[in-house]
Amino acid sequence: MKSLYDGLTGIGVREQRIHYESFGPATVLKPETRPQEVAEPGHADVPPVRVRFAKSGATAEWSRDKGTLLELAESVGLAPKFGCRSGICGTCTTRISNGAVDYLEEPVALRGPGEVLLCCSIPRADAAQNAAAGAGEVVLDL
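Everything in the sequence shown is counted per the numbering used here, starting at 50 for the first residue and increasing by one.
Calculated from the structure, these hints are not laboratory results.
Hints are all accurate, no fakes.
Below are the DMTMM-like pairs computed for lysine to aspartate or glutamate, each with C-alpha atoms no more than 25 angstroms apart in a straight line:
1) K104 <-> D190
2) K130 <-> E120
3) K104 <-> E120
4) K130 <-> E110
5) K130 <-> E154
6) K115 <-> E154
7) K115 <-> D175
8) K130 <-> E186
9) K130 <-> E164
10) K115 <-> E186
Taking the hints into account, I'd like the entire structure generated from these sequences.
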């Protein structure tokens, strides 16, 4: 879909005349509107971050090989609701009371203040730096 969109805009078709739908993780993002909070490749060097699941009392140490926060929650026996695992449906929306996250890919699903989508998020690099210094953790309402 992206190549078709790029081709149409490349031959002068106005964006207002191009209509599309997405039913999965492949969405068209115009280059000038690409979100800035998408995680950069440098996250490979992020130190481990402690993640606390407040309702269950479970804790886990997140590192890049643990995947998303949804995968981390599942690895400690939690079963958060989810639907798409790609940030489209919003089913995995969870409150965050401490720390911050970055998104591996900018989600389509809307989220409110203090909410994150577990399926496509990881702890933010600065939260990881604080955790490495013993000053922080990510706390999720699970």
